[in-house]
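A.B. asks: Sequence:
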Amino acid sequence: MTWYCMTVDSDMGAGNVEASAETGSVAFEEDSVVEPCVGMEFDSEDAAKEFYDEYARRVGFIMRIDQCRRSEVDKRILSRRLSCNKQGFYVKIRDQYGPVRKPRPSTRQGCKAMMLVKLNKSGKWVVTRFVKDHTHPLVVSSRPSRSSMDSKDRRIQELTMEVEHQDQLCELYRGQLITFLKNVEEQTEVLSTKIEVAVNSVRKVESEDCSVELIRPSRLLPGLVYIWNWLDGQSEFYPV
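In the UniProt record's numbering, the protein residues as written are 1 to 240.
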């Protein structure tokens with residue numbers, strides 16, 4: 001599959017792109033920025049990550065290795081979203097169910113910039129969605145490109161990004177759990193009130209229209225309950 005992408009240099013001028021339709025590889029020139037486009041293919045997920053990381057480095061943001069979708073059969077990764085590290089928002093939780101850890105400066109600004117790649121039947125990773133615009137200023141970094149890192153450095157970067165992502169999910173799940181517990185507490189209070197009203201209503205009915213009266217007069221024999229049955233006008237002793 002042949003694909004074409006717009007190329008813009010760092011000064012928003014024109015640049016050159018070298019692309020291989022057979023391998024899906026991209027060669028960046030020194031001052032050029034190859035912009036992702038729908039239909040672009042990569043040989044592997046790592047190749048897509050390296051491309052988007054290099055694109056991010058040249059444009060002026062940091063890539064976040066975001067959500068993925070796995071096969072229900074063999075747990076293979078079928079799609080991967082690569083986004084800006086300012087994607088989403090931190091969830092702030094303050095509630096009676098537990099102290100909130102010391103807040104740290106948030107890097108999240110709700111940025112929606114991302115690239116989504118999916119594994120197709122031929123084994124290629126294809127860009128199926130690309131969002132270019134950011135919600136924050138872009139600052140070109142002097143950090144080394146992903147391709148120039150060794151495997152250990154890349155792994156550290158991936159794990160760091162994954163920890164940040166899991167941290168966001170934990171905050172979100174904690175907020176949902178606290179909301180659930182609050183709802184349970186509120187429903188329990190409502191149910192308790194209804195039960196109390198029902199019990200009081202039953203007691204009131206029994207006191208107003210009762211066919212059997214239970215009495216413990218002190219003058220009766222110890223250990224017996226004296227019951228007067230209003231229906232047949234008879235009284236009997238029952239041991240208790």
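Hints should not be assumed to be uniformly reliable.
[Said to hold, decoys possible] DSSO-like cross-link-like pairs, simulated, lysine-lysine; straight-line CA separation at most 30 Å: (1) K194 to K204; (2) K86 to K112; (3) K204 to K182; (4) K182 to K194; (5) K132 to K118; (6) K112 to K124; (7) K182 to K132.
For the record, the hints were derived by calculation from the structure and aren't laboratory data.
A.B. asks: All hints, please: hold or fail.
C.D. replies: To see whether the hints hold, each was checked on the structure:
1. K194 to K204: holds (15 Å)
2. K86 to K112: holds (8 Å)
3. K204 to K182: violated (33 Å)
4. K182 to K194: Since the Cα atoms of K182 and K194 sit roughly 19 Å apart, the hinted pair holds (cutoff 30 Å).
5. K132 to K118: Holds, at about 18 Å.
6. K112 to K124: holds (25 Å)
7. K182 to K132: Roughly 40 Å separates the two Cα atoms, so the pair is violated.
Of the hints listed earlier, those the structure fails to meet are numbers 3 and 7, in rising order.
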